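K.L.:
Take a look at the letters that make up each chain.
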Amino acid sequence: MAEPPHNGHYMIAAYVVTTVLVLGYWLRLWRQANKV
Amino acid sequence: MRRGLGISGAGIVALAAVYALALGYTPVEARQGLAQKIFYLHVPAAWSALLAFSLVGLASILYLWLQDARLDRFAAASAEVGVVFSAIMLTTGPIWAKPIWGTWWTWDARLTLTLFLFFLFVGYLALRASIHEPGERARFSAVVGILGMLLVPFIHLSVYLFRTLHPQPIVLKPSAPSLPGEMLRTLMISMLVFTVLYIGFVTARYALTLVNEIKEGRSDG
Amino acid sequence: MPRSLQLALAVAGKDIRAELRSRTALLSAIVFAALVLVVFNFARDPTVLAAVDLAPSVLWVTFALAAMVALNRAFNVERENAAIDGLLLAPVSREALFLGKLLANLAFVGAVELVTLPLFVLFFNVSLGRALPGILAITALATIGFVSVGTIFSAMAVRTRFAELMLPVLLLPFMVPPIIGAVQVTSRLLSGRPLSEMWGWLRLLAAYDVVFVTLCTLIFSAIVDE
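Chains as they are written, first to last, in this note's numbering: chain X, 70 to 105; chain B, 2 to 222; chain G, 982 to 1207.
FYI, nobody ran anything at the bench for these hints, they're computed from the structure.
Since the structure is predicted, the reported quantities are computational estimates derived from the model, not experimental observations.
Everything hinted at is true.
Every beta carbon over 12 angstroms from chain G, so not counted as near; a handful from chain B, in silico:
#1 Val14
#2 Tyr20
#3 Asn213
Here are the simulated EDC-like cross-link-like pairs (lysine to aspartate or glutamate), alpha carbons at most 16 angstroms apart as the crow flies:
#4 Lys104(X) with Glu217(B)
#5 Lys99(B) with Asp109(B)
#6 Lys104(X) with Glu214(B)
One-sided excerpt, in silico: chain G residues whose CB lies under 10 angstroms from chain B:
#7 Arg1140
#8 Leu1152
#9 Pro1154
Note that CB positions come from ideal geometry on N, CA and C, so glycine has one too.
Model the full assembly from the supplied sequences, consistent with the hints where possible.
P.N.:
Below you can see the structure in the form of C-alpha cells.
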C-alpha cells in the first residue's frame, strides 16, 4: 500500500491556530472580567 | 462570570484531551495523511458556529416577540462567540483544503456558507457597536439576526446550483458511518467539547455584558 | 382600492416627487454607474477577454454598486427633511409605509438601471437583441430582492454613526443570491440558451423576492416604532 502524503505541517498549523484562537478568546474574557 | 470562565476553562482542558486523542489514538488516513486530523477540529467548530448562529436567529425572533432584554444580551454574546468559531472554521478550512484539494480556497457550498456566516456575524456586531441606545440597538440587531437567518438557506441553494467540491457527509449516513470507530468516537467527543466551549464562552460573555450594564447604570444614577 | 395600498402609493408618490424636484441623487447615481462602467472597460484586456464573456458580471456589479449609492441617498434626504417623523405620528399602517418606501426606492434604482443599460450596451458593444425583454425581466426580479432588504437596512443605517459604511457591510451578503441568479440568467440570455436552463435560477430568485419582501414588510415596524 502506498505511503500517506507527508503533510503533517498543515495539521500542526491548524492545531496551533485553533489553540491560539480558543485560548486567546478565553484570555480576553478573563482580562475583561478582572478589569470590572 | 466565574462560572462561565470555569466552564470554558474546563472545556479547554478537555480540548487538550481531544488533541491527544486526535493525534495519538486515531489512525492516520491513508489517502489524506496527517492533515486529515484537522477534521477533528474543523467539523466541531463548524457545528458550534452554526449553533451560535441559529441561536442568534432564534433569540432575535423571541426578542421582537417578548421584548425581554435578556434575549438581546444572549444574542449579542452568541454572536461574538460565533465569530470566534467561524474564525476557527475559516482558518482550519483552507489549511485543510490546501494539502487535500491543492487549493487554499474554493467557492463550494460549505466554505462559502462559512464565509457568509462570518460576514453576517461581523455585520451584526458592527451594527451593535454603532448604536448606543439599548432599546434601538436590541431591535435593530434582532432585525439583522432574523434576516440573516433567512438568508442562509438561500446562500446554500445558490451555491448548490453550482457544483460543489466538498466531500459528502460520511458521518451521518443512515446505513453505517463510513468512519472507523476511533475516528467516529474522537469526532463525537470533540463535538461535545466544542459545545461545552460554546456554553462556557457564551455564559462568560453574557455575564460580562450584564456587569458592564450595571456599572454604567451606577455611574449614571 | 384598499386603504393601505392607497397609502403606500401616496407615500411612494411623495418620495418620488421630492426626488424629481431636486434630481441630485438620481443624477449622481447615474454618473456613478457610468463611471463604474468606464473603470471596468479599462480594467480588462480586450485582446484576452471578449466583452460578451464579462458582460453579465460587469453589468451586475455596476447595478449592485449603483443601487447601494441610490439607497443611501434616498434615506439621507428623508432624514434631512425629518419627514418620516411626521408620517409616524399619524396612525398609519407600518406595512403600507414600508411598501411605499419600497416602491419609491424601486422606482429610483429602476431609473438608474434603465439609464445604465443603454450605456452598458454602448460602452461594451454588446448587442442585446432578442434578449432584451428577458434582461428587463431578470433585472426587475433581482432588483426587487435586494432593494427590499436595502430599504430596511438603509432605514437602520441612517440612525447609526457610520451610515455610509454600515449599509454596504450589512447589505452585501443579501445581494449575493439575487446577483448570482441574475448573472447566471443574463449570461444565458445573452448566449441565447433555452429557458429550461434558467428555470432553477428564476425560481430561486422568485422565492427570494417573496420571502424577503414579505419579511421586510412585517419587520419594518420594529425599526420605526419605539
